[in-house]
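A.B. asks: Spelled out, the chains give:
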Amino acid sequence: MPPATDNLGNDMRKLATLIALVPLLAGCAQSGSVEITDYWVKSSEMSTTGGMTAVYGTITNTMGEDVVLIGGSTDAAGVVEVHEMSMIGGEMKMQEIDGGLVIPAGQSVTLEPGGDHLMLMMLKTDVVAGGTIEVLFDFEGTEDIILSDVVGKPAEGGDEEYHSGEMEMDN
Amino acid sequence: MISRRGLLGGTAAAAAAAGLAAGSAVTGAAASANQETFAAKRALEFYGPHQMGIEADLQAVTNFVVFDIKDTTDRAAMLRWMTLLTDDISRLASGEPILADPNPELAIGAARFSAYVGFGPSLFRKLGLESQMPSGFGPLPSFKVDQLQDQFSGGDVLIHIAADDPIVLSHGTRGLIRDSLPFASVRYSQSGFAHTPGMVPAGLTHRNLMGQVDGTANPKPGTEDFNEVVWIEDGPAWIQGGTQLVFRRIAMQLNTWDQLGTASKEEVIGRKLSNGAPLTGVNEEDAPDFAARHPNGLTVIPDFAHIRRASPQNVTDRMFRRPFSYEASPASDGTPDVGLLWTAYQRDMTKQFIPVQRRLDELDLLNEWTVPIGSAEFAIAGGIARGEIIAQALFS
Numbered sequence: 001m002p003p004a005t006d007n008l009g010n011d012m013r014k015l016a017t018l019i020a021l022v023p024l025l026a027g028c029a030q031s032g033s034v035e036i037t038d039y040w041v042k043s044s045e046m047s048t049t050g051g052m053t054a055v056y057g058t059i060t061n062t063m064g065e066d067v068v069l070i071g072g073s074t075d076a077a078g079v080v081e082v083h084e085m086s087m088i089g090g091e092m093k094m095q096e097i098d099g100g101l102v103i104p105a106g107q108s109v110t111l112e113p114g115g116d117h118l119m120l121m122m123l124k125t126d127v128v129a130g131g132t133i134e135v136l137f138d139f140e141g142t143e144d145i146i147l148s149d150v151v152g153k154p155a156e157g158g159d160e161e162y163h164s165g166e167m168e169m170d171n
Numbered sequence: 001m002i003s004r005r006g007l008l009g010g011t012a013a014a015a016a017a018a019g020l021a022a023g024s025a026v027t028g029a030a031a032s033a034n035q036e037t038f039a040a041k042r043a044l045e046f047y048g049p050h051q052m053g054i055e056a057d058l059q060a061v062t063n064f065v066v067f068d069i070k071d072t073t074d075r076a077a078m079l080r081w082m083t084l085l086t087d088d089i090s091r092l093a094s095g096e097p098i099l100a101d102p103n104p105e106l107a108i109g110a111a112r113f114s115a116y117v118g119f120g121p122s123l124f125r126k127l128g129l130e131s132q133m134p135s136g137f138g139p140l141p142s143f144k145v146d147q148l149q150d151q152f153s154g155g156d157v158l159i160h161i162a163a164d165d166p167i168v169l170s171h172g173t174r175g176l177i178r179d180s181l182p183f184a185s186v187r188y189s190q191s192g193f194a195h196t197p198g199m200v201p202a203g204l205t206h207r208n209l210m211g212q213v214d215g216t217a218n219p220k221p222g223t224e225d226f227n228e229v230v231w232i233e234d235g236p237a238w239i240q241g242g243t244q245l246v247f248r249r250i251a252m253q254l255n256t257w258d259q260l261g262t263a264s265k266e267e268v269i270g271r272k273l274s275n276g277a278p279l280t281g282v283n284e285e286d287a288p289d290f291a292a293r294h295p296n297g298l299t300v301i302p303d304f305a306h307i308r309r310a311s312p313q314n315v316t317d318r319m320f321r322r323p324f325s326y327e328a329s330p331a332s333d334g335t336p337d338v339g340l341l342w343t344a345y346q347r348d349m350t351k352q353f354i355p356v357q358r359r360l361d362e363l364d365l366l367n368e369w370t371v372p373i374g375s376a377e378f379a380i381a382g383g384i385a386r387g388e389i390i391a392q393a394l395f396s
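Those protein sequence lines, which keep their order, are chains A and B.
What the first sequence shows, in my numbering, is residues 1 to 171, in sequence order.
What the second sequence shows, in my numbering, is residues 1 to 396, in sequence order.
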């Protein structure tokens with residue numbers, strides 16, 4: 001390969017590196033976003049007024065910095081908490097995540113049955129299959145996200161057991 | 001910041017999310033295009049003036065899942081059910097897992113997945129929607145040949161599902177049933193099949209288990225003729241672009257059929273077994289010449305032949321047939337339990353299916369070897385645009 005072409009190639013690579021850096025330099029706070037996709041709320045025999053359920057979905061963080069899901073709110077429930085599943089005394093139980101759920105920069109976290117989820121307790125209405133509720137996701141590090149059409153999907157009640165300082169209930 | 005990519009929010013978002021959330025292992029394993037077969041990639045369009053899976057070449061495998069609604073299911077609940085099904089079918093048709101799919105790794109490709117939804121006369125009665133029934137639609141009269149069994153007959157709601165792959169079909173069917181159970185219970189499900197893609201030229205005929213080329217002399221999809229035979233243009237808004245389905249389980253008496261020689265089998269039908277051509281022609285598409293006679297004076301296509309009795313007597317009594325085969329377990333003595341999941345689509349079953357079936361009921365030698373053991377009618381809702389819900393106008 002002739003030297004001239006080689007030099008040109010090096011220059012192009014440098015230019016490409018510079019262009020790639022621009023969004024990172026300029027976009028610490030502005031560039032990228034947090035999106036929630038494929039979201040749903042479990043409809044089961046438990047999801048009636050006074051009962052509980054959970055919201056699931058995929059949270060994608062394309063920003064340059066971590067964000068944290070610290071909670072949420074909805075007219076459909078009296079209490080909303082960010083939960084994880086973990087081994088407690090040799091059994092899988094769910095409990096509130098201390099400090100919230102971190103969605104690392106450039107990554108996705110999926111809330112799913114048997115894993116992390118947004119727990120709705122003390123339901124004020126029945127969460128029915130095919131119906132929708134509005135849910136606000138409360139983030140640190142980015143604006144809150146309001147999902148107005150979280151659809152109820154039929155699913156088994158789940159075998160998670162709730163573990164908390166104040167209450168203990170079978171799910 | 002507000003994100004509103006939820007239910008019905010667009011399959012592009014769903015596709016992106018599926019890749020991130022659920023499908024990464026699958027798409028990763030199958031990422032090398034060399035490993036992925038052509039069947040997985042082929043997809044049918046979900047949106048349009050008609051529901052999918054009717055004006056389409058036969059897929060390899062199919063399930064007709066029929067439900068009876070729960071006592072608590074009212075019109076509002078029906079609309080919520082249809083909301084779930086609409087989103088589910090749109091995703092499955094693209095080869096994506098449905099929302100809340102516990103087995104997303106099974107969404108391995110579209111494989112020409114299709115599903116459409118229809119409603120039986122009993123549903124209209126239960127919900128007080130008789131005024132919304134399309135013209136000519138209602139319970140079929142009984143025919144002499146019928147030996148109908150409840151386990152294969154009737155029902156409030158049909159979801160007819162099909163695909164070119166049995167795993168894709170099974171996975172999709174399970175998801176659609178799961179999302180139906182809050183509203184209804186399964187009355188019956190009938191499984192069938194045609195050919196694996198690549199066995200015969202793509203189209204609407206398949207070789208049934210009597211050996212005949214089945215589904216010939218159909219209106220050609222994509223033509224004005226097809227529109228006039230199949231798709232309803234007037235009446236209640238929800239049925240415009242829809243159709244009326246007669247669905248029959250027709251058992252074949254193969255043991256006695258197999259005792260006939262080729263010439264006799266061909267006379268029963270009026271077509272050649274080799275290629276489905278009428279006995280008076282050379283190719284499958286040739287029009288039968290019902291007047292043609294042998295030198296001895298007998299008609300070449302006998303008076304009792306199926307195609308003579310089934311041939312239209314006027315312009316209105318035609319329909320579109322899309323038959324699959326079925327096979328259940330043989331009896332202990334080896335007698336096969338096989339036949340057709342026979343379908344006829346038409347604008348008006350009173351003007352189209354019923355007069356033809358009356359002629360066949362009076363005289364059709366084929367009745368000796370074919371016995372309808374299941375029968376149901378469904379009014380198939382029209383097609384939907386993005387953001388709409390199947391049969392929205394019926395239940396709103």
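It is worth saying that the hints were derived from the structure and are not from the lab.
Since the model is a prediction, treat every value here as computed from it, not as a measurement.
Virtual Cβ for every residue (Gly too), placed ideally from N, Cα, C.
Errors might be hidden in some of the hints.
[As the list claims (entries may be wrong)] Here are some chain B residues the structure puts well away from chain A; computed CB gaps all over 12 angstroms:
no.	residue
1	Arg-80
2	Pro-97
3	Pro-102
4	Ile-389
[Said to hold, decoys possible] Below are the SDA-like pairs computed for lysine to any residue, each with C-alpha atoms no more than 25 angstroms apart in a straight line:
no.	chain 1	residue 1	chain 2	residue 2
5	B	Lys-70	A	Pro-154
6	B	Lys-70	A	Glu-156
7	B	Lys-272	B	Trp-369
8	B	Lys-265	B	Ala-277
9	B	Lys-70	A	Gly-51
A.B. asks: Now, for every hint given, state plainly whether the structure supports it.
C.D. replies: Against the structure, the hints come out as follows:
{"no.": "1", "hint": "Arg-80", "verdict": "violated (3 angstroms)"}
{"no.": "2", "hint": "Pro-97", "verdict": "violated (9 angstroms)"}
{"no.": "3", "hint": "Pro-102", "verdict": "violated (7 angstroms)"}
{"no.": "4", "hint": "Ile-389", "verdict": "violated (10 angstroms)"}
{"no.": "5", "hint": "Lys-70(B) <-> Pro-154(A)", "verdict": "holds (15 angstroms)"}
{"no.": "6", "hint": "Lys-70(B) <-> Glu-156(A)", "verdict": "holds (19 angstroms)"}
{"no.": "7", "hint": "Lys-272(B) <-> Trp-369(B)", "verdict": "holds (17 angstroms)"}
{"no.": "8", "hint": "Lys-265(B) <-> Ala-277(B)", "verdict": "holds (13 angstroms)"}
{"no.": "9", "hint": "Lys-70(B) <-> Gly-51(A)", "verdict": "holds (23 angstroms)"}
Of the numbered hints listed earlier, those contradicted by the structure are 1, 2, 3 and 4.
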